[in-house]
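There are 2 protein chains.
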Amino acid sequence: MLAYETEAPVGNAFLAEKTQIPPSYLSKVLQGLARSGIVESRRGVGGGFKLVRGADEITLLDVVNAVEPIPRIKGCPLNLESHRHTLCAVHARLDEAMAQVEAVLSSSTIADLLREPSRPRPLLETVAFLGEIRSQKK
Amino acid sequence: MLAYETEAPVGNAFLAEKTQIPPSYLSKVLQGLARSGIVESRRGVGGGFKLVRGADEITLLDVVNAVEPIPRIKGCPLNLESHRHTLCAVHARLDEAMAQVEAVLSSSTIADLLREPSRPRPLLETVAFLGEIRSQKK
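Sequences listed follow chains A and B, in order. For the first sequence, our numbering begins at 2 and goes up steadily by one. For the second sequence, our numbering begins at 2 and goes up steadily by one.
Please note: incorrect hints may appear among the correct ones.
It does not matter which identical chain is meant; a pair holds if it fits inside one copy or across any two.
[Unchecked claim] Simulated pairs of lysine-lysine, DSS-like, Cα-Cα distance not exceeding 30 Å:
(1) Lys-29 to Lys-51
(2) Lys-19 to Lys-75
(3) Lys-29 to Lys-75
(4) Lys-19 to Lys-51
(5) Lys-29 to Lys-19
Rather than coming from a laboratory, the hints here were simulated on the basis of the structure.
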């Protein structure tokens with residue numbers, strides 16, 4: 002959403018309305034994004050949130066990791082002594098799966114996601130598209 | 002664990018002790034595995050759980066899906082009307098990531114996981130390996 006509005010900062014209430022995300026949850030998401038240096042918040046009249054970098058410099062992985070990091074398995078989750086230096090095959094496979102998730106999410110920037118004309122606009126109701134469906138129903 | 006003990010059924014308490022998994026949680030896991038036809042339970046004296054198929058016919062994905070299925074994104078999670086027929090690029094990427102998780106987990110059978118000599122035995126403390134580490138410390 003912030004990538005659509007690159008000029009002025011956008012307020013939490015406006016974003017919540019457009020994305021239909023509950024304002025309290027959205028507020029936590031924006032705090033996470035701010036902590037990770039993806040957005041900055043400006044206080045006062047005309048304040049709100051704004052992207053720090055361009056949408057082509059932010060990957061989907063950056064955003065996901067800012068909100069809820071992909072859980073990589075570095076050590077044995079069961080704290081088994083004999084698994085301390087080498088993960089067992091089960092945990093190694095689960096970590097490999099998480100590495101694949103990271104690979105998919107890091108391969109797309111936010112700008113990439115916004116320029117797929119065959120898909121509806123991310124997280125937003127597309128009114129033109131809706132109109133098209135409605136006219137087809139007549 | 003059940004793949005180690007292929008002869009007799011194994012009880013919940015024994016499994017819980019060996020794997021250090023809380024018995025109440027393990028019981029739910031075993032119920033899920035039974036519902037999916039991966040294990041069968043036998044009641045009474047000498048009863049317990051047993052694999053229905055061989056460990057080489059059960060993939061890690063079968064087990065994970067029996068306990069907590071990988072969440073594939075079939076329709077718009079936000080229920081947006083204009084996203085009903087085509088996912089937006091964000092949800093399409095997230096679903097692609099989940100497809101990669103399924104691919105990794107389906108590529109290994111339980112038997113595969115047990116025959117990796119360079120790794121400790123899945124989910125179990127390996128006493129021989131522990132002994133080796135202790136002797137190195139001397």
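Hints versus structure:
1. When the C-alpha separation of Lys-29 and Lys-51 is checked against a cutoff of 30 Å, the pair qualifies only within one copy, where the shortest distance is 15 Å, while the shortest distance between copies is 46 Å.
2. Within a single copy, Lys-19 and Lys-75 get their C-alpha atoms only as close as 39 Å, which misses the 30 Å cut-off; across copies the closest is 23 Å, which meets it.
3. Taking the shortest alpha-carbon separations for Lys-29 and Lys-75, both the intra-copy value of 27 Å and the inter-copy value of 27 Å come in at or below 30 Å.
4. Taking the shortest alpha-carbon separations for Lys-19 and Lys-51, only the intra-copy value of 16 Å comes in at or below 30 Å, while the best inter-copy value is 52 Å.
5. For the homomeric pair Lys-29 and Lys-19, the shortest alpha-carbon distance inside one copy (17 Å) is at most 30 Å, but the shortest distance between copies (40 Å) is not.
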